[in-house]
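J.: Residues per chain, in single letters:
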Amino acid sequence: MSATRPGWFGALLVAALTAALLFLTLPIVAIFVDTGPLDLVASLGEEGALEALRLSLLCSAVAIAIIVLVGTPAAYFLATRRFRGRAAVVTLVELPLVLPPAVAGIGLLAALGPNGVLGGWVEGAGIELVLTTAGVVLALTFVAAPFYLRQAQAGFEAVDATWLDASRTLGAGEARTFLRVAIPAAGPGLVAGFALAWGRALGEFGATLMFAGSFRGITQTVPLAIYERFSTDFTGALALSAVLVAISAALLLSVKLLSGSAWLGGAAR
Amino acid sequence: MLHVDVATRLGAFSLDVALEVPAGACLALAGPSGAGKTSVLRVVAGLVHPDRGRVACGEDVWLDTERRIDVAPERRLCGYVFQEYALFGHLRAWQNVAYPLRGLDRGERRRRALDLLDRFGVAHLADARPRTLSGGERQRVAVARALARRPAALLLDEPLSALDARTRAAASRELGAILREAGVPALLVTHDFTEAALLGDEVAVVDGGRIVQRGAAAQLAAEPASTFVADFTGAVVLTGQASEREGGTVVALDGGGTVTALERASGPVAVSVYPWEITLARAGAADPGSARNHVPVEVVSVTAVGNRVRIGLAAPQPLTAELSAAAVEELELAPGTRAVASWKAAATRLLPLTAHQTVSKTSS
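Protein sequence lines, in the order shown, are assigned to chains A and B.
Under the working numbering, think of the first position of the first sequence as 1, with each following residue one higher.
Under the working numbering, think of the first position of the second sequence as 1001, with each following residue one higher.
If you are wondering where the hints come from, they were derived from the structure by calculation, not from laboratory data.
All of these numbers come straight from a predicted model, not from anything done at the bench.
Idealized CB from N, CA, C, for every residue including glycine.
Accuracy of the hints is not assured; some may be wrong.
What the hints assert, rightly or not - For the chain B half of the interface with chain A, some residues (derived, Cβ under 8 Å), not all of them:
{"hint": "1", "residue": "A1045"}
{"hint": "2", "residue": "L1047"}
{"hint": "3", "residue": "A1072"}
{"hint": "4", "residue": "P1073"}
{"hint": "5", "residue": "E1074"}
{"hint": "6", "residue": "F1082"}
{"hint": "7", "residue": "A1086"}
{"hint": "8", "residue": "G1089"}
{"hint": "9", "residue": "H1090"}
{"hint": "10", "residue": "P1100"}
{"hint": "11", "residue": "R1102"}
{"hint": "12", "residue": "R1145"}
{"hint": "13", "residue": "R1149"}
With these hints in hand, go ahead and build the complete structure from the sequences.
T.: What follows is the structure, encoded as structure tokens:
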């Protein structure tokens, strides 16, 4: 029982939200409606399905580890230091966000491919990237990193600067202050960036296809496997899609739960 | 002994300050906001790097631009109580206090943190998050945290400003005791002269990045070097024991004499009265009228400030009166003159110096 009757504007808001909700959830619901649980299990047993899943999880996990290890200190630097050209650096770091994945793939080829700018150097070092699993990791890292960097930077910027000063006067050096105060205090922002970046890496398609190709067991991640089956085995493609949705949803949910929990909530002043 | 002599540009603003604070003493830096008081603390703590200067605490040189010494903040032993306290929100109260305690196991760190919290009467809040604490409780935790590392100098930035008026006076008395007990040089920043007078053994008035006058609070009020200092010093502060009477409160001043006020209070209080509310009459003159408070005094200084004159008065606790130049001439006031200082009970403000309420947990 609501105390006030909504006016026409309230009704408009409700209608807009309903339309958005229906449109955004319909395809996801449809995937599960079209795929019976039995189909799902059966399709996973198919050749290549589990392989693709394993590759997706492995490559995205390695990529996200690289992103967090390098991105966290980089974002902290951007958030806490003022220097000439900072705005330009921030923009450059965020640029891959707006790149079409195909362009990202071409760019990676032009930079690190056999005839690329650094191609000779990569080859000389005995590293093979193109059409290899390492190439998948590279593509995922390139595409997903800006999502983490952006959120992490915003998270660190929201930390009260006097906390960092206080930590210093209490005997903690810069590194300890970073680990003991800045990271826990920026926790919710870091976790949000982590989830966004991982989600982006799991779904990555275009750049991977262009740079690493689609070879079963080597570079064929779940999105590539879905695409390959799409023309021949629609049910199989649906089943794999359902698995990917389930994993992504679980990721999003666990992050929401984690950011709401007490140890991170403390930082939201 | 804390020794500071620094000069630096900070944006459009320049800071040029030299001061010393002996161990066990507290120097209050008082001045309007934007005067550069906090910058002095930040320079001492090493959070700001001045263009030139020297900061030394005892034998330790923390900064010497000529010798290219600039010790990192974490290696200067400064206990810094920040404005708003800067307690870490992701840590519990005891973890905040234990933060500077390193190289000990968790049990020992917790035991020491609890000891410190206990000293400030807030051991029962050890497991609370800072955001659930009241202003007064946060202040105690912050002071406990600043003392945990046994600092060689204490820096306090507006330690009472986050408190409401009721808790502030009591907290100031408590803080005064802590400062004396710590036995290290303390540098305290405040925009409130009364607070500076209550907490500082000496007061340095800061304006525009410079110390414009330094001395005991009573001396600054009595002999201000400029109209700025005269205006800034505001009320004269006396301390005593209050007891309620019918129709008001009688305060037995520390050192002798009594004062009547209309406000109600009991126990230790700070009595404040503005110099321009005090009238002077020569000793033995006729009854000066309706004023209820009369204190026999001796003139020690006569200082012209603009078109007014500040009269420093010796009494058990020093007083300051502000008169017109004509009145001073008429009364023939000069150092050594014996007189009676009078003011109305209604012009007398009382600040209780003990908390009437026990520390209670409030959420904010």
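J.: Would you settle whether the hint for H1090(B) is holds or violated, based on the nearest Cβ-Cβ distance to chain A being less than 8 Å?
T.: This hint holds: H1090(B) lies near chain A, its Cβ roughly 4 Å from the closest one there, short of 8 Å.
J.: With a cut-off of 8 Å, does the beta carbon of L1047(B) approach a beta carbon of chain A closely enough for the hint to hold?
T.: Hint on L1047(B): holds, closest Cβ of chain A at ~5 Å, below 8 Å.
J.: Quick one, is the P1073(B) hint okay against chain A at 8 Å, beta carbons?
T.: holds (4 Å)
J.: Does A1072(B) meet its interface restraint, that is, does its C-beta lie within less than 8 Å of any C-beta in chain A?
T.: This interface hint holds because 7 Å falls under the 8 Å limit.
J.: Any CB of chain A closer than 8 Å to the CB of F1082(B)?
T.: At about 5 Å, which falls below the 8 Å cut-off, the nearest Cβ of chain A leaves the hint on F1082(B) intact, so it holds.
J.: Holds or violated: is there a CB of chain A closer than 8 Å to the CB of A1086(B)?
T.: With a minimum Cβ separation of about 4 Å from chain A (threshold 8 Å), the hint on A1086(B) holds.
J.: Quick check on the hint: R1145(B) CB to chain A CB, less than 8 Å?
T.: At 7 Å from the nearest chain A Cβ, R1145(B) passes the 8 Å test, so the hint holds.
J.: Can we keep the R1149(B) interface hint, with Cβ of chain A closer than 8 Å?
T.: Hint holds; R1149(B) Cβ to chain A Cβ min 6 Å, cut 8 Å.
J.: Quick one, is the P1100(B) hint okay against chain A at 8 Å, beta carbons?
T.: Holds, because the Cβ-Cβ distance from P1100(B) to chain A comes to roughly 4 Å (cut-off 8 Å).
J.: Tell me if E1074(B) is really an interface residue toward chain A, meaning its C-beta lies closer than 8 Å to one of theirs.
T.: At 5 Å from the nearest chain A Cβ, E1074(B) passes the 8 Å test, so the hint holds.
J.: Under 8 Å, Cβ to Cβ, is where R1102(B) needs to be relative to chain A, so tell me if that hint holds or is violated.
T.: holds (7 Å)
J.: Against chain A, with CB atoms and a cut of 8 Å, does the hint on A1045(B) hold up?
T.: holds (5 Å)
Taken one by one, the earlier hints all hold for this structure without exception.
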